[in-house]
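So the chains spell out like this:
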Amino acid sequence: MNRVKETLRGLVQPLLAVLIGLLAGAIAILVVGGNIVDTYAEMWKGAFGNFYFFTNTLARATPIILAGLGVALAFRAGFFNMGAEGQMILGGLSAALTALYLPGPGWFVCIAAILAGIIAGGVWSLFAGWLDARFGMNLLITTLLLNYIATYFGGYMVSYPFKDKTGSAAMAQTPMIDQTVWLPKLFQGMGLHAGFIIAIAAAILIYWFTHKTVTGYEIRMLGSNPSFAAYGGVRRIRMMMLSMVISGGLAGLAGAGEVLGTQYRFLDGSLSSASYAWSGIMATLLARSHPLGTAVAAILLAALQTGAMGMERNTDVPLEVGSVIQAVLTLFVSAQIGYSFLKRRKEKKSNATTV
Amino acid sequence: MLLEMEHITKKYGSFTANKDIHFNLREGEIHALVGENGAGKTTLMRMLYGMEQPTSGTIKVRGREVSFATPSQAMASGIGMVHQHFMLFPSFTVAENIVIGREPAAAGVFDRKKAAAQVNELGRQYGMPVDPWKKVGECPLGLQQRVEILKVLHQGADIIILDEPSAVLTPLEVKELLANMKSLAKLGKTFVIITHKLQEVMDVADRITVLRDGQVTGILEAKDTTVEELSRLMVGRELVRMDKPASVPGEAVLQVEAVQLSGAKDRSALKDIHMKVRKGEVVGIAGISGNGQSELIQVIAGLRKPDGGRVLLSGQDTTNWPVRRIREHGLAHIPEDRYMWGAAKDASVKENGLMGHHHRLQKRGMIKAKAAKVMVESWIKQFSIKTGSAETKAQFLSGGNLQKLIAAREFAQDTPFLIAAEPTRGVDIGAMETIHAELLRKRNEGAGILLISSELSEILQLSDRIIVMYEGEIAGELPAAEATEEQISLLMAGGKERV
Chain V
2 MNRVKETLRG LVQPLLAVLI GLLAGAIAIL VVGGNIVDTY AEMWKGAFGN FYFFTNTLAR
62 ATPIILAGLG VALAFRAGFF NMGAEGQMIL GGLSAALTAL YLPGPGWFVC IAAILAGIIA
122 GGVWSLFAGW LDARFGMNLL ITTLLLNYIA TYFGGYMVSY PFKDKTGSAA MAQTPMIDQT
182 VWLPKLFQGM GLHAGFIIAI AAAILIYWFT HKTVTGYEIR MLGSNPSFAA YGGVRRIRMM
242 MLSMVISGGL AGLAGAGEVL GTQYRFLDGS LSSASYAWSG IMATLLARSH PLGTAVAAIL
302 LAALQTGAMG MERNTDVPLE VGSVIQAVLT LFVSAQIGYS FLKRRKEKKS NATTV
Chain H
2 MLLEMEHITK KYGSFTANKD IHFNLREGEI HALVGENGAG KTTLMRMLYG MEQPTSGTIK
62 VRGREVSFAT PSQAMASGIG MVHQHFMLFP SFTVAENIVI GREPAAAGVF DRKKAAAQVN
122 ELGRQYGMPV DPWKKVGECP LGLQQRVEIL KVLHQGADII ILDEPSAVLT PLEVKELLAN
182 MKSLAKLGKT FVIITHKLQE VMDVADRITV LRDGQVTGIL EAKDTTVEEL SRLMVGRELV
242 RMDKPASVPG EAVLQVEAVQ LSGAKDRSAL KDIHMKVRKG EVVGIAGISG NGQSELIQVI
302 AGLRKPDGGR VLLSGQDTTN WPVRRIREHG LAHIPEDRYM WGAAKDASVK ENGLMGHHHR
362 LQKRGMIKAK AAKVMVESWI KQFSIKTGSA ETKAQFLSGG NLQKLIAARE FAQDTPFLIA
422 AEPTRGVDIG AMETIHAELL RKRNEGAGIL LISSELSEIL QLSDRIIVMY EGEIAGELPA
482 AEATEEQISL LMAGGKERV
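Chain order of the listed sequences is V and H. Under the numbering used here, the first residue of the first sequence is numbered 2, with each subsequent residue one higher. Under the numbering used here, the first residue of the second sequence is numbered 2, with each subsequent residue one higher.
Hints listed in this document are in silico derivations from the structure and should not be mistaken for laboratory results. As the structure is a computational prediction, the values presented were derived from the model and not from experiment. By construction, the Cβ of each residue, glycine as well, lies at the ideal position given by its N, Cα and C atoms.
Listed next, the in silico DSS-like pairs over lysine-lysine satisfying Cα-Cα at most 25 Å (straight line):
1) H:K61 - H:K187
2) H:K224 - H:K198
3) V:K213 - H:K364
4) H:K187 - H:K176
5) H:K371 - H:K394
6) H:K20 - H:K61
7) V:K213 - H:K394
8) H:K346 - H:K369
9) H:K382 - H:K394
10) H:K382 - H:K369
11) V:K213 - H:K371
12) H:K364 - H:K374
13) H:K12 - H:K61
14) H:K346 - V:K213
15) H:K371 - H:K346
16) H:K176 - H:K224
17) V:K213 - H:K374
18) H:K369 - V:K213
Ranges of calculated distance between the beta carbons of each label pair, as one might list FRET restraints:
19) H:A370 - V:D179: 43 to 51 Å
20) H:E392 - V:R239: 24 to 32 Å
21) V:F136 - H:A370: 36 to 44 Å
One chain only, chain V, in its complex shape:
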């Protein structure tokens, strides 16, 4: 009973943020001279209007869910992993190269490619954790900056050593992966692939992990009060490394899923231009790092994006209105995070003076 109440209370703030986001969008629509009701109706149709659009939204949500889960887990442990994008790119690249060059039956290569993606993302994230543990470098900064290294490394790999030379277009991309290795589509003729099932399973698994296991308990206590965790015998460095590996692994999995399920090759810029990773971070913030909530928020954000595309197709209102809504959402969510961060710092200070 209590838990239901608490969950509901937890929902109030994100819903309020969404509402204010939609209000801001309404103003933007008015400014460009559109009809609010019609525009939002088109947006709804674009996201959920028919089965095709709906599955399209879910397909877009897939990498957002996975990247978001990774960020959520690190948040739960009290660490800022802002490196989901780089981890995703390295995951996608590794998956593509494994899928292209590993011999064997299709299903085997597919699984190996997914694992390669998870490992690449995990190792990249672990590297940031190691920099913190070894040199005390701030995770927020290292994870953020490691994104650039990963992005340009990926770009280089597909511009030179592994560039697709078969096609006529001189695109920075790998050759296409063999069809037997692809992640299966869930419905004939739709974009939605098995990666979505993996993402939902991951959300449930992460929920189970954080809430039911001993390690998950330690991770949550560490995030909630590091001193309390240390006092109780939780080893911070070990837990940080673990949560960073899992976090990066999930982002890597997101990249692998996109490569094996949607693009069938690694194309430079394709993972970052859609800003899946950043949407994932937003989903986490909206859901306050709750794994199942993150999945729901990710679908919501994906719907906002696919909806905006539908809106642009059928009205004179430009796609950017969707970005306005998302920006306002971000603003509110980050204000809330910033506020609780400040509050926590203040508490720490006042604690320090009373000791």
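Given the structure of chain V, go ahead and fit chain H onto it with the hints provided.
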């Protein structure tokens, strides 16, 4: 009558914090408001100070009915309040803190010299001198409190409410505070002192109002009552007298040898500490907080590594062991700061209770949720912890109830050695009784207990041996049976001679 509060009732939803309370003040008296945690003392005073509004009832100042919507309205009627947690700006000077809100100005610019002169005059007038130019952050807590009182006086208060004023003070500072209150009362100021320390009440108060469960259970003249009668009125029953059988110490369970720790600014936090806790005894560490006690606890518990020396627990050198291994080897720890070390506020009561037990209550990496719930619920019952349920977040527990939860958790570790740092800080008499009884029971069963407390009475009551710390060193050690409060106070203040 200077002040009358009549038929005051305050409800928060379905919860009644104050029920039909009558409270009055005579001019120039010191009036103690006593009661256990949650008895409604602070609520009543917050209404008098305009921070809350009564659901019903009237307040009269000098016979005139008033109602305060904000503290500034209460101040205008001559009511001032000093809160338990000081509301001062540490980076500003004493004078700036005192004149805040009514700063003297010259041509619209804050006149610091005039402010300092005012503060000097104020201090002289009331016999509480302060250095107006000193930064508040550099003043000891006793001086900070004096600044708070001067601030209230500067605002022109005739009625001064002090919420738990002695909670953070050293015994000497408490004496000084009580003396100051008495002399101010002679000058016509009226005090309300909220406290649960009954000895202080007997020392300073003229009249006493006792609250229990939001109702008045007694209004007494201090000279006609006793500590026993007051505690009976507070708790609603006779307190059991604790009998403490003589200690039969066994072999050493904790040995601290030549421990050194460097602190901030080239000062050492711990200098060559040697000490020992044997099985079946309580060793009390007295000292003004900030003299190395916290660091010593952290070194013993494995939270900080010493720069020199070693710690032996049950005969094994645990100096460089990780915390978990030390705990599993036989250490439990009631930490001195429950919010910083003892709990995670946004985790549930159950999750907070699980800490340290979580490796035991597992099956193949999964937490045995049911067993954990049963365990925590048994503590809730045994220590009568007031909480919605085991799923309530710890932040919704009052400080005293959270302390009970932490104490229960550490008692349940069932270890041969226990660190009890400020084990009863902020808990009510009933709970204090339970925690003290548990500590003694553990001792009688043969465990060694290291008790750190800023309450001298607690140290004297429970300890078999007393160690006094001063500036990171052991200033003296004495058997509890022979120790007097004066001796310990002297050592605490840096009186060097060994006793």
